[in-house]
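**Q** Residue numbers (the numbering used here), protein chains in the order written: chain A, 1 to 649; chain B, 1001 to 1233.
Because the hints were derived from the structure by calculation, they are not lab data. Quick reminder that beta carbons are idealized off the backbone N, C-alpha and C, glycines included. Each hint should be verified, as a subset may be incorrect.
Quick look at which bits of chain A chain B covers, simulated, 3 or more residues with Cβ under 8 Å [what the hints assert, rightly or not]: (1) 73-80; (2) 477-488.
DSS-like cross-link-like pairs, simulated, lysine-lysine; straight-line CA separation at most 27 Å [what the hints assert, rightly or not]: (3) A:Lys545 x B:Lys1120; (4) A:Lys503 x B:Lys1129; (5) A:Lys20 x A:Lys281; (6) A:Lys531 x B:Lys1136; (7) A:Lys503 x B:Lys1136; (8) A:Lys186 x A:Lys20; (9) B:Lys1103 x B:Lys1120; (10) A:Lys531 x B:Lys1130; (11) A:Lys503 x B:Lys1103; (12) B:Lys1230 x A:Lys545.
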Amino acid sequence: MSSNPTPSELLSELTQAAEKQWQALQNPAVPVIYVGHATCGRAAGSQETIDGFRDALAEKGIEAEIITVGCLGHCYAEPLVTIHYPGFPPLMYQKVGAGEARVLVNSFLQGGEDPCFEYLLGALEPNDTFPTLMDYPRYLYEKRVIMDQCGLIDPHSLDHYLAVGGYQALAKALEKGDKWVVEEIKSAHLRGRGGAGFPAGIKWDIARQAEKTPKVVICNGDEGDPGAYMDRTLMESNPHQVLEGLAIAALAVGASRAILYIRAEYPLAVSTIEDAIAAAKEHNLLGERILGTDFSLEVSVFQGSGAFVCGEETALIQSIQGNRGMPQYRPPYPAVEGLDGLPTVINNVKTLSTVPSIVRKGSHWFKAIGTEKTPGTAIFSVVGDVEYPGLVEVPMGVSLEHLIFEVCGGIKDGKPFKAVQIGGPSGGCLPESELSTSIDFDSLRQAGAMMGSGGMVVMNDETCMVEVARYFIDFTQHESCGKCTFCRIGTRHLLEILTGLTKGEGSDDDIAELQTLSEETIIGSLCSLGKTAPNPVLTTLRFFKDEYLAHYREHRCPALMCRDLIAYYIDLDACARGCDACVACCPTEAIFTTSNRKKAIDQEKCVKCGECVYACPPEYDAVFKVSPPEMIPDQGIKPLDEKKEENNE
Amino acid sequence: MSKDVMVTLTVDGLEISVPRGTKLLKACLDNGIYIPSLCYLDGMDHPPASCRLCLVEIEGRPGPLPSCSQTVEDGMVVHTETDEVRLLQKTAFRLLVSTNDGKCRLCMANKHCEMQKIAKFLHMPLRTKKLRHIPKDMPEVIEEHPCIVYEPNKCVLCGRCVYICSQQNYDFALDFAKRGFNTTISFFGSREEGVGDYCRNCRACVDICPVGALNLKDERDAFLQNLQAKISA
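Work the whole structure out from these sequences, hints included.
**A** Pasting the structure below:
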């Protein structure tokens, strides 16, 4: 009697065809053009790029294949295009618009004469002629575990994922069994990448041992931090990796139902994941009796309506149940009593995306990356005043300094570094003195910040830290669900005091209240939103207290940012006679001509938008900012008397 | 009673015995140990733990915890009056009254208001000087419902009304609305019939409100008229 084929055997049947197709792509007969077409690429105009290629190729009658891929994380270089011309290594080009696409077709794709060095970012493979991407610090220092295939494979092609080793971890997990998987994840010491850093293996074990059935696993894709987009990129660029991780989690805890909670503001992520679910179901990788085993998993997508607090796991469950997204008191933890009272494991997109490689390569491989307490990698979306913003994946344990200055190219335009807000709106603002902090859950928490889900905002010396604290508190107080007293009213009072400070109003008592109310809100709040919301206030108070004092004692904003405490003036010596660039840009007509035909600002009318600073031609550079406003030098300005001028003429 | 059904614990040095499964807050209240609270109601499986007033410290557990959400255990040692507990209770109280103007004499709940009781217990004034008075960004009085009046600045958002309505009506005639500081209680209704359509006028929400933020329109009008007469007299 012949035994049934094992999951691995069934999978290898699927993979064979996929690998053949993949091999053909690696040695193409006609040019292959890969265009980064995730949300970020689209925002930068990748659709126009694709159209540009299509039109130019059609005009010239050149045969080529265009493949849309996800995001590589190099936001500064979008739209990114990789061209694999037969006989050349795959070459990556940056900022390719429709025009550049046409140039590339005319000069390179038509006969392979000129590979257009001017747009070239680098070659993907080592070669003798072109610099490779590995020559860049960004690539050298990055360690890609989760984003390994992002931007290199077509997210809509199951075959691409299968060809690079996809679903092998699931097949292995099916053969080894649930207990083995839980032990492997436990021994890998994989910590939840959603922010809290709770060991995923322990969470799975609790749910696995829970008696109640059926069990549920949920992928938390409710990414809401301003400026953070790691989860979106993973879902858009490698959806099958998320699904494979989710299926392994379900197998490990014995769940029969899996839900992907994705915010509705991510339409592309939703549709990409939905397509991937359909493709996986069709090939028996999800759904009934997966890969010929007894394990079945019903997978669905739930679209969240965009409340920040729904990223908190108990609020997320409430939201799926159709209730108002309000966090609940824990315990009971969802792993014991979650969705509809059933044991529910909720993992972040990044956590689940890490699972397949751990299962495939083993926990020893994983533990060799990162630090002892936090193995693995961290993905950050680095935004703000850095030279190369985007998504970076680095091993845990590298320093903040290394990440900002080596990997992301340092501060834009060579300006001085001031602070980095790490961990999203409820993270902390760390100054230069804390840059040696190692990136891992414990070190960052100790420094007063947190890992969060991976948002990082880098700020230069033109950023006011009081305003930064006010901005983030404004965000969290608005996103508070309104349930518990401290978060609902406490953060509102923090905002009130901070808003006063940015206007130069406040007292020593206010600063003391800011400190104690922040500390009490952290202890007193019900969920992590309130428990972390005052972090920006506390860290800025700790590291930038001088700036706070300057605001209410001297009515001065040292960073020249708070509008109520600054004034603009035009230096008459620098101003050029007859030039009126600033006049045209002023929205309130506050700029007038002086008696010596130069320009000056009417402080009564000025709304301090700063447009004139940008409008003033760099060769004059005559507009200056001062704080406090009284600092404007007396230049003896008299307005031009037009009547008198007319009479003279 | 046998040991299986009773649990013995120590609260502020006093040994008390209560049935197994009792919430710590109820256990204390039943034994004459007062802990201020607003959102807890008897019989709740999962109390909202939102008012943050019923905090206690339990030996061996980190930080102050809401007693409404702790189930009693044998040998538990509980402190209800530690400095940290009092500090947090006072701040929570101060935050709650900071939205209100403190005109108790003009309120129907005067003299039987839960906030007055807590103020007395914590030795706190009903109008905070330490924090600014920030009223919510909405009308003083909301009269959307045909017969119930809601006053958002008095409301402490304990959610008792939402709970009792869901328990008695099995659907939500009222629920939380908006978010953040401007979170409010709102009545729901169908598009055709308007606000209050689902309401069975059982007045359970009015009766359960600890602070007189929900009142029947008729009763409130009569109260205000009466008050006006008294003042002019």
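**Q** All the hints need checking, so say for each whether the structure fits it.
**A** Results for each hint:
Proximity of the segment 73-80 of chain A to chain B, defined as three or more residues with a beta carbon under 8 Å from a beta carbon of that chain, is not established by the 0 residues found. Beta-carbon proximity to chain B at under 8 Å applies to 11 residues in the segment 477-488 of chain A; the threshold of 3 is reached and the given coverage holds. A hinted pair counts as satisfied when its Cα atoms are at most 27 Å apart, and Lys545 (chain A) with Lys1120 (chain B) does not qualify at roughly 38 Å. Among the hinted pairs, Lys503 (chain A) with Lys1129 (chain B) is consistent with the structure: their alpha-carbon atoms are about 22 Å apart, no more than 27 Å.
In summary, the hint linking Lys20 (chain A) to Lys281 (chain A) is supported, as the alpha carbons are separated by about 22 Å, within the 27 Å threshold. Between Lys531 (chain A) and Lys1136 (chain B), the direct Cα distance comes to roughly 23 Å. Compliance with the 27 Å bound is thereby established for this hinted pair. Restraint check for Lys503 (chain A) and Lys1136 (chain B): the C-alpha separation of about 22 Å stays at or below 27 Å, so the hint holds. A distance of roughly 36 Å separates the Cα atoms of Lys186 (chain A) and Lys20 (chain A); the hinted pair therefore is violated under the 27 Å criterion.
Of the pairs offered as hints, the one joining Lys1103 (chain B) and Lys1120 (chain B) holds, with about 16 Å between alpha carbons and a cut-off of 27 Å not exceeded. For the given pair, Lys531 (chain A) sits about 22 Å from Lys1130 (chain B) by alpha-carbon distance, which is consistent with the 27 Å threshold. The suggested pairing of Lys503 (chain A) with Lys1103 (chain B) is violated, with an alpha-carbon distance near 31 Å, which exceeds 27 Å. For the hint linking Lys1230 (chain B) to Lys545 (chain A), the alpha-carbon distance of about 54 Å lies beyond 27 Å, and the restraint is violated.
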